[in-house]
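2 protein chains.
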Amino acid sequence: MGTIHIQRRKEGIMMKIGVIGGGSIGLLFSHYLSAKHSLTLLARRKDQAFQINEKGITLIHDGTSTTICNISATVMSDALSSQDIIIIAVKQYNLSTLLPILNSIPPEIPLIFLQNGLAHIEQIDRLNQKTIIVGTVEHGCQKITDATVKHNGFGKTLLAPYRGDIEHIRWLISDFKDTFPFLIHGDWKEVLFRKLIINAVINPLTSILKVENGGLIENPYYLHLMMSILEELLPLVPMLNEEKMKADILKICENTKENRSSMLKDIDAGRKTEIDAILGYAIELGKKRQHSMPICNVMYAMVKGKEADQGES
Amino acid sequence: MGTIHIQRRKEGIMMKIGVIGGGSIGLLFSHYLSAKHSLTLLARRKDQAFQINEKGITLIHDGTSTTICNISATVMSDALSSQDIIIIAVKQYNLSTLLPILNSIPPEIPLIFLQNGLAHIEQIDRLNQKTIIVGTVEHGCQKITDATVKHNGFGKTLLAPYRGDIEHIRWLISDFKDTFPFLIHGDWKEVLFRKLIINAVINPLTSILKVENGGLIENPYYLHLMMSILEELLPLVPMLNEEKMKADILKICENTKENRSSMLKDIDAGRKTEIDAILGYAIELGKKRQHSMPICNVMYAMVKGKEADQGES
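These protein sequences, in sequence, are chains A and B. Residue 313, in UniProt numbering, is where the first sequence stops; the numbers in between run on with no holes. Residue 313, in UniProt numbering, is where the second sequence stops; the numbers in between run on with no holes.
Note that these hints are calculated values from the structure, not bench results. Be a bit skeptical, because a hint or two may be false.
Because identical chains share one entry, a pair is satisfied inside a single copy or across any pair of copies.
Calculated pairs, BS3-like style, for lysine-lysine (alpha carbon to alpha carbon, straight line, at most 25 Å) [what the hints assert, rightly or not]:
1) K288 <-> K265
2) K287 <-> K251
3) K272 <-> K246
4) K251 <-> K210
5) K210 <-> K257
6) K210 <-> K177
7) K130 <-> K46
8) K16 <-> K272
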């Protein structure tokens with residue numbers, strides 16, 4: 001594995017980007033974005049911040065590891081108020097503790113939320129910030145150590161304005177169009193719901209059946225189950241085209257056939273999953289609309305049961 | 001582990017009992033019944049017959065192993081026509097190849113069928129035998145080698161006349177009342193449906209979730225799933241008391257909490273399961289009665305999918 005050390009490029013206007021969250025997504029974004037701007041990673045644990053300050057963030061991609069050293073890492077602090085933009089890359093279930101802190105920073109600083117599901121929308125709606133962007137990440141990545149992230153699948157990040165004007169963060173999109181692409185979409189609901197449905201169909205099934213994403217299309221029984229779940233979910237999202245969603249999901253399983261879904265990885269590692277933000281949210285929505293979802297209820301109970309079993313051991 | 005060798009007791013009238021099938025149930029019945037009668041075990045494989053003729057059948061129970069040597073074992077042969085009674089202990093999915101052979105033996109020989117589910121009823125209905133008994137086995141047992149069976153849970157065998165008179169096999173019941181109890185029930189449908197429901201609720205769930213029977217009552221999500229499956233199945237069996245079935249299933253899970261269900265063992269060993277005879281049969285019944293069973297359909301697809309995956313590896 002070759003190792004390349006590069007310094008942040010000193011061209012154009014340096015913006016200050018804050019990234020909250022030292023998980024795989026936080027590390028991935030910090031690594032790429034720090035190539036052109038001044039980056040501060042805000043971690044929950046002091047020892048992770050220490051590791052990153054000492055070593056930088058190493059990215060492993062296609063067998064090559066690249067380390068960027070000029071990343072400042074810290075735990076939650078005043079550093080937040082001096083950023084030009086803040087990207088929030090914590091899991092949905094860790095967001096609630098963060099909201100009071102976000103609300104205390106100047107309302108002019110745009111925030112970008114990258115959580116799965118839509119359960120966080122109600123929470124971020126109460127924030128004071130003038131510009132709030134929501135996004136979905138299509139990169140495949142895995143945290144290896146506190147300061148190393150593996151970039152398994154190169155994708156894009158879809159951003160949509162939830163409130164305010166996306167023009168405030170246009171510099172972010174143009175600066176990385178060749179190296180770490182962002183795409184803008186006008187309708188945040190469509191962006192988040194599309195990802196919700198994809199996650200709701202693939203993640204619980206793979207984690208219950210313990211198969212890689214490709215297993216869902218290679219096994220006719222599993223394929224049938226996946227399509228049955230999708231059929232149950234589609235009435236919740238009339239804005240999405242049914243045939244396109246089916247084709248997209250089959251293609252995603254094909255393109256990521258050797259990948260293990262994040263939920264399968266969480267279950268196998270004994271971690272909490274995002275089941276409540278994903279399938280839990282969809283089921284609640286179904287209840288409100290009196291739409292019966294028996295298969296989704298089974299999937300939900302199985303994943304919650306697996307989580308509960310892990311808590312015991 | 002202590003070892004006791006005992007010879008068949010030479011008292012009373014010796015009857016000739018044929019047991020077809022060298023799986024765990026076949027070995028268990030052969031071992032116990034050979035203590036008082038002349039037993040012939042009919043195996044599919046010559047080498048298993050050879051092993052049993054050489055070594056007898058060893059039973060392991062409560063840490064003690066007991067070997068009975070006077071058991072004659074053979075592959076399918078004329079031996080069938082000279083039995084006083086024949087017990088058929090093969091899996092349901094292996095029964096069809098056996099039926100022409102059974103039909104060729106004298107119609108006076110009573111047959112006892114011990115298969116799970118009810119899928120075999122249609123098949124045995126076409127036989128010529130005057131007396132046909134069906135039964136369910138509540139013993140827990142596990143085949144260790146071709147000539148050794150472990151008796152994990154001591155239970156009883158429930159027998160009910162499907163055709164003819166149970167009086168023809170009364171000697172079997174009275175001879176073993178203290179050592180290997182048989183109980184007679186008047187209604188074969190009730191006997192088989194009760195076992196079908198118990199198996200349909202416990203077996204697929206434990207094999208999908210990879211938990212022991214106790215796991216289904218210790219985990220609140222799994223308990224809820226189990227009760228939801230039972231709710232779907234109960235309309236198919238109006239002859240069974242709903243509250244009693246619920247209580248029975250909870251008690252069975254409690255009493256066998258450290259046991260792994262036969263279906264879980266089959267899945268883990270890469271063997272074919274009895275899913276079609278159990279849940280497959282119930283689902284077909286539901287279709288005929290236009291009773292919707294979405295959760296059972298999910299369980300069925302998951303077990304069939306696991307079977308299909310194993311075929312590949």
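Hints, one by one, checked against the model:
In this assembly of identical chains, K288 and K265 lie within 25 Å of each other by CA distance neither inside one copy nor across copies; the values are 31 Å within and 41 Å between. Proximity of K287 and K251 under a CA criterion of 25 Å is satisfied in neither setting, with 30 Å inside one chain copy and 33 Å between copies. Proximity of K272 and K246 under a CA criterion of 25 Å is satisfied in neither setting, with 28 Å inside one chain copy and 32 Å between copies. In this assembly of identical chains, K251 and K210 lie within 25 Å of each other by CA distance solely inside one copy; the values are 20 Å within and 30 Å between copies.
In the homo-oligomer, the alpha carbons of K210 and K257 lie at most 25 Å apart both inside one protomer (13 Å) and across protomers (24 Å), since each shortest distance falls under that limit. When the C-alpha separation of K210 and K177 is checked against a cutoff of 25 Å, the pair qualifies neither within a copy, at 36 Å, nor between copies, at 46 Å. For the identical chains of this complex, K130 and K46 are neighbours neither inside a copy (30 Å) nor across copies (81 Å), given an alpha-carbon limit of 25 Å. With identical chains, the CA atoms of K16 and K272 are never at most 25 Å apart, being 32 Å at best within one copy and 60 Å at best between copies.
In this structure, the hints that do not hold are numbers 1, 2, 3, 6, 7, 8, in rising order.
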